[in-house]
Amino acid sequence: MKKLWAVAAICALGGCSGSKPAGPVIGVSLLNLSNEFIVMLNKSMEEKARELGVRLIVNDAQRSAEKQVQQVESFVAQKVDAVILNPCEVEASSPAVDRAAAAGVPVVNVNSETRTAPTAFVGSRDEDSARIAMEYIAQRLGGKGNVVMMQGFIGQAAQIKREQGAREVLAKNPGMRLLANQTAEWDRAKGMSLMENWIQSYGDGINAVFAQNDEMAMGALLAIEQSGRKGKIVVVGVDAITDALQAVKDGRLDATVFQDAKGQGAAAVATAVKIMRHEAFEKQTMIPFQLVTRENVATFSK
Amino acid sequence: MVAAGWFRERGGKRTRWPAEVTLGIALLVLMGVVAAARPNFLNVGNLVNLVRQISINGILAVGVTYVLLTGGVDLSLGSVVALSGVAAASFAHPGEMGAVAVAVGIFAGAAVGAANGTVVTVGRVAPFIATLGTMTAARGLALLASGGRPVSNLSRSFTWLGSGSVPIVIFGAVAAASWVFLRHMRMGRYIYAVGGNENAARASGLHVRTVKMAAYTVCGALAGLAGVVQAARITTGQPNAGTGYELDAIAAVVIGGTSLSGGTGGVGGAILGALLIGVINNGLDLLNVSSYYQQVVKGAIIVGAVWLDRSKGR
Chain H
1 MKKLWAVAAI
11 CALGGCSGSK
21 PAGPVIGVSL
31 LNLSNEFIVM
41 LNKSMEEKAR
51 ELGVRLIVND
61 AQRSAEKQVQ
71 QVESFVAQKV
81 DAVILNPCEV
91 EASSPAVDRA
101 AAAGVPVVNV
111 NSETRTAPTA
121 FVGSRDEDSA
131 RIAMEYIAQR
141 LGGKGNVVMM
151 QGFIGQAAQI
161 KREQGAREVL
171 AKNPGMRLLA
181 NQTAEWDRAK
191 GMSLMENWIQ
201 SYGDGINAVF
211 AQNDEMAMGA
221 LLAIEQSGRK
231 GKIVVVGVDA
241 ITDALQAVKD
251 GRLDATVFQD
261 AKGQGAAAVA
271 TAVKIMRHEA
281 FEKQTMIPFQ
291 LVTRENVATF
301 SK
Chain X
1 MVAAGWFRER
11 GGKRTRWPAE
21 VTLGIALLVL
31 MGVVAAARPN
41 FLNVGNLVNL
51 VRQISINGIL
61 AVGVTYVLLT
71 GGVDLSLGSV
81 VALSGVAAAS
91 FAHPGEMGAV
101 AVAVGIFAGA
111 AVGAANGTVV
121 TVGRVAPFIA
131 TLGTMTAARG
141 LALLASGGRP
151 VSNLSRSFTW
161 LGSGSVPIVI
171 FGAVAAASWV
181 FLRHMRMGRY
191 IYAVGGNENA
201 ARASGLHVRT
211 VKMAAYTVCG
221 ALAGLAGVVQ
231 AARITTGQPN
241 AGTGYELDAI
251 AAVVIGGTSL
261 SGGTGGVGGA
271 ILGALLIGVI
281 NNGLDLLNVS
291 SYYQQVVKGA
301 IIVGAVWLDR
311 SKGR
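Chains as they are written, first to last, in the numbering used here: chain H, 1 to 302; chain X, 1 to 314.
Hints in this document: simulated from the structure, not taken from any laboratory.
Virtual Cβ for every residue (Gly too), placed ideally from N, Cα, C.
Hints should not be assumed to be uniformly reliable.
[Stated by the list, open to error] Which bits of chain X does chain H cover? Going by a derived footprint, with three or more residues having C-beta under 8 Å, they are: (1) 31-39; (2) 139-151; (3) 229-240; (4) 280-290.
Just chain X, with the same shape it has in the complex (with noise of 0.2 Å):
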């Protein structure tokens, strides 16, 4: 279903299969590897276990290919992570509402990646620096709000959202949304062509700093979500989580087929993406490689697919 629409997409490169289906490939060569090794890897068990595993870098790389789509980068998707657990968790004690902690977890959110959008749209910053300084000063506020220490004693109605299935019932809702918003709403659209050619959007009328906030804005709440749900798993706000996820994500985007340069890419290969990391540290648990060689293998897996892919459309 994503393949049609690429086409589309990437009309004028000469490319002869989509990035989605390399990349299937190579996933299944990997899960193949890895079930050929240790054959529990393959039950259901462990899938539902490794799909869960995925849910929040899955709902962070789905969050930040919308600003990838404009050209844009995100570092602070880690930092946003801890405040937004931190600010949920605050809210989710026994008695109080579940739904309002995780109301303002999003909004915590939304509210950093509004301030990103800003900065980079009315204040010219480059995207790389804004989020940066947005990275640092998100972690700050989250030690501020929780006086340094984890915020734990949630209540059940809020831990529920990180048991069993429901991050993955999550996850899933987030990237089938953004899927339909990407491809078939306007906005969506919107966010191709300003990452394409930004000239050529606002020759043509766009309102190119309304859809780069909006980009930045929705990325932001996505990744308020993540924390609202991973504070959930863990059952405690951390202000010390999520350092170095929004790397994670980033590589899940960028190994989905998502171009740095913006434009291109998409929801579908982000989902590939992130299933190829987790498919990566769950395998290689299983296999229990040693810590040192696993963080060699990760980089070598991760340059591989994206060399992979790069080369084919030559």
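Chain H extracted, bound-state conformation (with noise of 0.2 Å):
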């Protein structure tokens, strides 16, 4: 690992072109290592790749499609077998997949898209989240009740297709009404306070509050329990963040959505070395999100 990481350091500093080292290379271009999600990402990769006898050369673009375009192109320099994208941008980062295609390198885009499609692709639908999480306050409410929703940052991929997803489920459930949905900008603080302003407004009128992620429920709850409503209002929130399972497991929040690092990091390698060895592979692996709930959050735990 540490070896690895030096390797991706001096390429990155020094340009190692041309000097490609023995058996199969996979060149890996992450989001951003600093973000919880990613880490583990990475880490299932490795151990794929560990178990499938190939190499991977990590690079991290934190956040800069820049970057990570230039990231790539090293890789077709250093002449690697193959690239596993996990994009920055839908846009900024289709030149990394158009670099490679040219060179005839395949790619695996992994998590998430770009415009220019790759040769497979790993991930899952953000929307699948929202609409499992949905189905779960519809069935917990007998399909009739009032729900509140807690918006990302409005505009935000994640948020947009979380919301169709929730919305796709409200429709399908006319008994269901969207009694308010405004933005927590994915904040604990910001989703505290707009949950206590929702219970000043609608006092025991809601019944169940849907958070596009698990910081704003978490802030949700607080301002629920603190307001001594705590059971009589479900609360859902999407991710399986530490602090949202344990909460899970505490009997406080109802339920999460967790989505599966291992699983997509595994894949995704899986898929690469597929194409590599000419074999047949699937244009699009989809990772299924799962719901955590009381009675399985023991295997989600770490």
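Using the hints, put the two standalone chains together into the complex.
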């Protein structure tokens, strides 16, 4: 692991074009290694690569699509056998796919998409996470009741897709009414304030809260508990962050939705290896989201 | 009580009434509008809720008043909220002394404030640039200290600080102490003097550097306190917390009539400004105004309030 970092660092600094190490090599460019989810994704890729006998060169794009394109260019120069791209942005990361394709290097996109179609895609549909969460709420409320929704940063891909998924379920359940729908910008403190205001406004009229991420769900939960309504309002988030898993285990949070970093990382490496070996491969591998409730939380906590 | 002193302060300007009065009227009108549409706005429960929600921004606004009065600015407030929240939370696990955690949080804020003061006074770097630098650095430190993850599992004695009306009491105490300090203590008057005319202050024997250092350090310490209260309120230290808080705090102070060029204004206006922003946020949520419109309305009201205040004196 450390050695790989050193190789990646040296390549990034000096550019080691042409010096191809022995054995099959996959160049990996990740969105951001200071994000818990991406760190887990990276770990599972390393494990799978060891298992399949391939080497990974892992670069961290630190959220910069520009840097990501450069990294893929240097992968191409190093004549890697495949590239796994964890795109920073839909549009701005597309040139990375183009460069690799032009040089005949196959690309597997993992976790999120680019406008240019890669050789293969491994990930999850963000709409599904919200659909699963909202279906759980519908089931808990028996298809009838008032729901409030906390949105993420308006206009971000995750917010748009999660909103879309949630609304699909609401449309199918005419007995469920969307009482209010506002942004708390993915933030726990803002989620708490927003929930306090909703409680003032609607009192006991709220039957369930769907927060588009766990941070906001945790904020809503605190506001509900402090207003003495614990257990009277169903609260569901998305992401399965550590705090949320703990809250589910403690019986405070009703549910969250788990995105499978391990599954995505392993499938991405497996797909890249199949392509390299000219075996049959899936153009699209969807790793399903999983609902986490008190019954199954033990299998998700680390 | 604020008005009497206000006239002394701005004696030279042609103003018909103090900023606090204009703002007070604007606040009442706004509250009336919201109450007319949603009678439950005036419930005691909601009013307590509203003041609790502005406590964090209120403490920040009172703190940054010190710096704005010297003619400076502090953009590092939001990052300090995150840093001190993470720092305090790291010492607030069950079994640890809540008081130590609070002290650590406030100290972290004061340290960043002192760094700001040093760069501004000794390094002669423009406050905007100096605090832009610490804003970035403090955020980085918060991420480093927490490993990028929220610091949770905090003791009850610590989270008590954020529960019920405790944040309101803390905000009230900070506001009252600062009002007395700026109005009646010698050091407080020096801050006005330095902001009003730095050269004149220096010529009359004031140690300008010390005064500015004090202002930035107090501002940092109060931002640290705000971070502690916020961490207690959301029962976790969040390295990503507080982004953009500096702008809400500065907006509150400026709405309250404090000049960005220093020397005039005070704590009373900052509190009213924070209240106005709080009423806007709370009211728009109660009215279920769409998130898109909320931002437009909020911006328009902020600019409108300041415009009204600035135009009345002409």
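Hints and how they fare:
no.	hint	in the structure
1	31-39	violated (count 1)
2	139-151	holds (count 4)
3	229-240	holds (count 7)
4	280-290	holds (count 6)
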